[in-house]
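K.L.:
Each chain, written out:
Protein chains: 2
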Amino acid sequence: MENALDPIEEITLMGPGPSCVDSSVLAALSKHTIGHLDPKFIGIMDAIKEQMKSLFHTDNQLTIPVSGTGSAGMETCFVNLVEKGDPVLILINGVFGMRMQDVATRLGAKVDTLNFEWGTPVVTEQVKQKLAEKSYIIVAVVHAETSTGVKNPVAEIGELLKGTDTLFLVDAVTSFGGMEIRLDDWGVDAIYSGTQKCLSCPPGLAPISFSDRAVAKVKARKTKVPNWYLDLTMIINYWEGTTRAYHHTAPINMLYGLYQALFLILEEGEDAVYRRHMENHRALVAGLDKLGISMLVDESCRLPMLNSVYIPDGADDAAVRSALLKEHKIEIGAGLGPLAGKIWRIGLMGHTARPENVEKLILALKAVL
Amino acid sequence: MENALDPIEEITLMGPGPSCVDSSVLAALSKHTIGHLDPKFIGIMDAIKEQMKSLFHTDNQLTIPVSGTGSAGMETCFVNLVEKGDPVLILINGVFGMRMQDVATRLGAKVDTLNFEWGTPVVTEQVKQKLAEKSYIIVAVVHAETSTGVKNPVAEIGELLKGTDTLFLVDAVTSFGGMEIRLDDWGVDAIYSGTQKCLSCPPGLAPISFSDRAVAKVKARKTKVPNWYLDLTMIINYWEGTTRAYHHTAPINMLYGLYQALFLILEEGEDAVYRRHMENHRALVAGLDKLGISMLVDESCRLPMLNSVYIPDGADDAAVRSALLKEHKIEIGAGLGPLAGKIWRIGLMGHTARPENVEKLILALKAVL
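These protein sequences, in sequence, are chains A and B.
Numbering-wise (my numbering), the first sequence opens with residue 12 and increments by one.
Numbering-wise (my numbering), the second sequence opens with residue 12 and increments by one.
Hints are computed from structural coordinates only; laboratory data are not their basis.
Predicted model, so just to flag it, every value in this text is computed and none were measured.
Every residue gets a Cβ at the ideal spot worked out from N, C-alpha and C, and that includes glycine.
Okay, the calculated bits of chain B under chain A, using three or more residues with CB under 8 angstroms as the criterion:
1) 23-31
2) 42-54
3) 111-117
4) 271-285
Next comes chain A alone, as it looks inside the complex (with noise of 0.2 angstroms):
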């Protein structure tokens, strides 16, 4: 019989995710499956939380990954903290601040919506005047907006939030492991992200946290969690305590992925990650400057691993990354949405962010343009 697997040819992951995955972090996803209650899998998940918490600079004790792609992690995180007819507001500058708004008004949240042009960053001043106005349950926004490359001032939006009992909710899909987290410091309630970002380990998993205070608004909730799966009150039971509930079979594989790409941030050393981050983004931006190609975003509030560049005049966008794939085996991303067609967006997440894949692609683009 003819195997649909064979082969699979190495690709330099350059788009918006997922990104190129270390070997060691392949290696580990083919290790023994071994059960979901066996105390060697338990060690494993404990040691999972205690990565996490150091990442994202939390004591929270409810940090976990969702056994779900990055969007579970979105669902988890509203479908546990919103109740019917919560007033929530939604910061939108992308896709992703725009399927938040899905998620929360498809539960019964009141959505208000602060709105900003695609490219640019959220206000922080025209945040913090709507909540003059009105007071919400949930204040959310997207750190890293992968739809754009822009930046959101998380650090700022956080400090307008401290002192009230608004919880803050903060997407971090993309920014995860690429640059710095501060739940604590920040105010941050509740954050989600995924696997296959900067973490460079495949897709399937949703690494989120919840505070104290987060955590106590989903336990005095007046109605069960409308979500068995996503039900935090249960999954709790089984990532904590001495007995380990059965909820649902962990993704036990998966997770052996996830605990060593965090391994390999955390031997690197998150720093230096951050860095190398950021000097391939710029060594990427000078050598697209070179073939003139030129930012959508300004650089005040660009993203290091997610870069939107302008399609340049009389290059045919599919066609461009078509060839690529093809002949160059490189994989960059289109636009979405009122960008498509007029942007590429170009990763630099994790593994992903070396001089190495940066060249080859500056040279794979002079060939192709």
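Fit chain B to the supplied structure of chain A, relying on the hints for placement.
P.N.:
Then chain B, alone, in the frame of chain A:
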């Protein structure tokens, strides 16, 4: 730095899942990650759909793996099919029937149940009477009740529903890949499974299939699916058609594993695989009988892949399981709910169902008891 993954010893997984994983499936997990929109990956997705349709014996176009574990499959079926106030009948004779009740209730369904003693099957005649009294939007049952080892009469219940507007929803978490399932012949409208049972792939994905009329019910909803992550009306646009619209990033490497696991089953031949399960089940029962260990479930409705056995008088439940794990590298499962402390659950799922494993367990039990 110490690495929590080193070493992970091989355990013979004879519990209620996860099951033993073939080395070719582990190898598949560690193949190079490629993009979720890469044409090569789209080809693998299409191949998985065909494998699943073959093994489910269905022409259902919507036959895909959901990006979560088996319980996410349960959640997907209910959250897409149920609208608030819908009358739903759930047939319960174990933990997983109860879980269905919990999931459906959280979603606002009006749930009626028929309860049967744990360790005995659903009685079709009682279902028939119930259906004569009241009509339901959905009737739901677990095919192979993992908590007890009982096989429920899915084909017979399906017969009762033919020609009605009632949708038939089946939990095939433990049966899929280990015994015959014929969706189209049996009139099943929605089914879900998990990868870590008889498919012998690590946990992390939930194969599902929806009939055309189930899809029509989802598309005709008055309200949006209250779960963005599992909304099939959006997910099908990624799994079907020519444009393949991004919804969430698929769990790429887990899907390699699922492909390879299904490949092995289809290569060995479906009938041969089911026969292997039955033969090893019989050998296990005979071996246990010699040790004076008897079965919970009557032979007429025993599952081959999940064997519930009475804990022998004088044996310490936890101590025996711990000794098997530590001294013999064999995992078996504990009882759940009212059967906790009374039974062990011995899995012969997928790749685990081999004569050498049966023999190893019998010898180990002899040594430990």
